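Engineer: The primary structure of each chain is shown beneath.
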Amino acid sequence: MIKKVFEKPLNFLETILFLDFIKGMSITIRHAFTKTITTHYPYEKLTPPKRFRGFFGHKTVNGLEPQPVFDEWVDRMKIEPRPGKSRCVVCYLCKKACPVPDLFEIDGGKLENGKKVVSVFNMNLMLCTFCGLCVDACPVDCLFQSDIHETASFSRKDSILNLEKLEAIGKSWQDRREHEPDRIWIDDDARQALWRENKLNLKRVENA
Amino acid sequence: MSIVALGIIIAIKVVVILAIILGIGAYLTLVERKVAAHIQRRPGPMVVGWHGLLQPLADGIKLLTKEDILPSSANFLLYNLAIVMALVPASLVFAVVPFGPEIHVFGYDIKPILTDVNIGIIMAFAFGSLAVYGVALSGWASNSKYALIGALRKAGIIISYEVVITFAALGPIMLAKSLSTYDIVMAQIHQKVWYIFLQPISFVVFVFALLAETGRVPFDIQEAEAELVTGFTVEYGGMKFGLFPLVEWYVEVLSLSSILTVLYLGGWSPINIPFVGFVDPFFFLGPWSGFIWFIIKVTILFLLVLWLHWTLPRYRIDQITTIAWKVMLPLALFNILITAFIAPLLRG
Amino acid sequence: MLSQIAFYLFGSISIICGLGVVSASNPIYVVLWLLGALIAISGIFFSAGAELLGALQLMVYVVAIAVFYILIITAVPWRKLHKNEQHNRLIGVAVLPFVAILYVEAFIVALSGVSLSKNKIIETITKNYGNASTIGIKLFSTYFWAFELMSVLLLISMIGAILLGRKEEKTYD
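Chains as they are written, first to last, in the working numbering: chain V, 473 to 680; chain Y, 1414 to 1761; chain B, 634 to 806.
So that you can see chain V by itself, here it is in the shape it has in the complex (with noise of 0.2 Å):
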């Protein structure tokens, strides 16, 4: 059943003073002399969430993969784990999660001592809808999504990430984020005030 709703319509008088103009005018010209809330962009940015899904990254070994799940990967790929290098295991999930077929491009190599090493980690972002399934399917906290999100380029190759890219992005990430708490905004100066405009009393987050 439909619920027809009417607003209470204007009696004469109203109308003919146009009432409902002067309201909308009021509300306008007050705005027109307040002070502006926009980000500058290119000159001021504002800090995306830690869960912002942005340009892809491989997270590496640095003390804090999850374990025992890191260790238990390790032992069934054979993988020799070299720290400040990706974490990834050649488990090939990613790529079986990924709804897109030709994405990404996985393989390892041989080392000496007969165990492997991720050598070749591509991803074609140009057939990439940032869904995050593969990120979803790592089993190790290897790859993951960072919060580089202006991804433009001059050049289609550009957006090809091969594993010197993702272990760059990842190691900064690591270096700037990784021991944020994790919530969903930030207690950026910008965003307070932005939420403040909201009337949205938001709690400030202790020990940041």
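For the record, the hints were derived by calculation from the structure and aren't laboratory data.
It should be emphasised that the depicted structure is a prediction, and the values quoted were computed from it without experimental measurement.
Built from N, CA and C at the ideal position, the CB exists for glycine as well.
Any given hint might turn out to be false.
Said to hold, decoys possible - DSSO-like cross-link-like pairs, simulated, lysine-lysine; straight-line CA separation at most 30 Å: (1) K1479(Y) with K629(V); (2) K480(V) with K1739(Y); (3) K629(V) with K568(V); (4) K495(V) with K1447(Y); (5) K643(V) with K587(V); (6) K1605(Y) with K1590(Y).
As the list claims (entries may be wrong) - Ranges between beta-carbon positions, derived for each pair: (7) F640(B) with V1497(Y): 20 to 28 Å; (8) F493(V) with I1423(Y): 37 to 45 Å; (9) I1416(Y) with I705(B): 45 to 53 Å; (10) L599(V) with A708(B): 24 to 32 Å; (11) R799(B) with V1501(Y): 54 to 62 Å; (12) P521(V) with T1735(Y): 47 to 55 Å; (13) D1481(Y) with S631(V): 28 to 36 Å; (14) I1423(Y) with S645(B): 21 to 29 Å; (15) A708(B) with V1501(Y): 21 to 29 Å; (16) G651(B) with G1699(Y): 46 to 54 Å; (17) V1428(Y) with Y641(B): 22 to 30 Å; (18) G682(B) with I1755(Y): 30 to 38 Å; (19) P521(V) with A708(B): 48 to 56 Å; (20) L652(B) with V1497(Y): 17 to 25 Å.
Said to hold, decoys possible - A few chain B positions that, by computed beta-carbon distances, are all more than 10 Å from chain Y: (21) Y641; (22) G651; (23) M692; (24) A697; (25) T707; (26) I741; (27) I770; (28) W778; (29) E781; (30) L797.
Once you have looked at the hints, place chains Y and B on chain V.
Structural biologist: Same frame as chain V, but now just chains Y and B:
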């Protein structure tokens, strides 16, 4: 006054008026963007020049250097003719607008009006509504459904509101007993009253008709972005695209605001206390204060139009024609009836 | 002298535009030629000193009436309207004698030199009261009967148009 001097004076007047129209018209885009931005709590253009002061130049260069595209099945002649037919009548209206009192320069008495014809108001309305052909032809020539629907809507609005605006203007004409724009202002000065105080109904009707004729909100259905992309300009590109809003939103608003000022706000006369006299804070400028007052009045009207534009939603087409024929036209006729009783009481 | 040049200029423009009206095949061009002719005729009025008539010509014929042609023709697919085969040539030939009579009449009027009034009454009124007053005085004195008749006729036609155009009551939900 010799014929050579007359020719030189007319040439100067034409050049000044054209420079005002096109120069100011371009800069009004910046004013509109700034006002719109601040109403929406944005700062507007800030990068090019101090607070975006050079933005119109940048826009102009961008539009001029863009590729000129002709739609494949468009009519080449009419497609380009439409721009001229939109621009010329809109700027012709300024021929009958008196910008200030008679001034004495280099031994000549000069009226700052291009032609003081004795039927100036009718000329203004005739030229103002001639601009509809630009819109109608652009809609037809670009061979697009959006453009055609926009053009038809605009033509429908113009037909309705041309009647309304003429009947609304009859009130001040009856009070001033003249059709000449210069004489209407002089009559207001002699009678010591702005006609807005005697003709409030007609003033409101005129403002509505102004908004409708210039395609401003709440009557902007001919380029309703949500339904028609941008209406009749949808197939135009580059500077051709830039000229239509320039004409419709700025030049026409300026011209009709000037006519409104002449009819209801006493033209170049200073602040009015009805039936008592005029108060002029700019008395030290002599006859030049008239120009300042005219500019102030037109600026205020333009800002009012912008304020309305960025506040209100838009009417439907059937609501617009209903308002025109069932509300505004009877109001204007009623106003004429009242005016017929008031007019003999005024001296002058 | 100047007004003579203006008269011949506007007259030739209006004749050329009139030829365009009957010879163009695309209906939208026909309307454009018609527009040009009407504007040129209003120019003739202006050059003859009848500013009010010229302005009314602009306002009523050029804007209010010709825009209806544009409105209708733009709404119709124009390739169907293209006058490829002429089926109205017979009418054109039949009309020719009447056109000839019109030209003869114009010739006689030009030869005999008919003016609006003897003793230059109209001229003095125009000088003293201006264009609009002159027309008002003429309409409400000499031609009062015809004027009233015309107004009644217009009223009747307006009522008829409204009756014809009226639809059954429809409400938007």
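Engineer: Determine whether the Cβ-Cβ distance between V1428(Y) and Y641(B) falls within the hinted range of 22 to 30 Å.
Structural biologist: holds, 29 Å
Engineer: Is the distance from the Cβ of G651(B) to the Cβ of G1699(Y) consistent with 46 to 54 Å?
Structural biologist: Once the Cβ atoms are compared, 53 Å apart, the range 46 to 54 Å for G1699(Y) and G651(B) holds.
Engineer: Holds or violated: the 17 to 25 Å window for the beta-carbon distance between L652(B) and V1497(Y)?
Structural biologist: holds, 22 Å
Engineer: For the range 48 to 56 Å, tell me whether the beta carbons of P521(V) and A708(B) fit it or not.
Structural biologist: holds, 54 Å
Engineer: Is 20 to 28 Å a correct range for the gap between the Cβ atoms of F640(B) and V1497(Y)?
Structural biologist: Roughly 25 Å apart at Cβ, these two residues keep to the hinted range, so it holds.
Engineer: Given the range 45 to 53 Å, decide if the beta-carbon distance of I1416(Y) to I705(B) lies inside it.
Structural biologist: holds, 47 Å
Engineer: Holds or violated: K1479(Y) and K629(V), Cα atoms, limit 30 Å.
Structural biologist: holds, 29 Å
Engineer: Mind checking the hinted window 28 to 36 Å against the Cβ distance between D1481(Y) and S631(V)?
Structural biologist: holds, 33 Å
Engineer: Does the hinted range 47 to 55 Å hold for P521(V) and T1735(Y) at CB?
Structural biologist: holds, 50 Å
Engineer: According to the definition I'm using, a residue is off the interface if its beta carbon is farther than 10 Å from all beta carbons of the partner; does Y641(B) meet that for chain Y?
Structural biologist: holds, 21 Å
Engineer: Run the C-beta distances from E781(B) to all of chain Y and say if the shortest one exceeds 10 Å.
Structural biologist: At about 19 Å from chain Y, E781(B) clears the 10 Å cut-off, so the statement holds.
Engineer: Minimum C-beta separation from A697(B) to chain Y exceeding 10 Å: can you confirm that?
Structural biologist: At roughly 7 Å from the nearest Cβ of chain Y, A697(B) sits no farther out than 10 Å, so the non-interface label is violated.
Checked against the numbered hints listed earlier, the structure breaks hints 10, 11, 23, 24 and 25; every other hint is satisfied.
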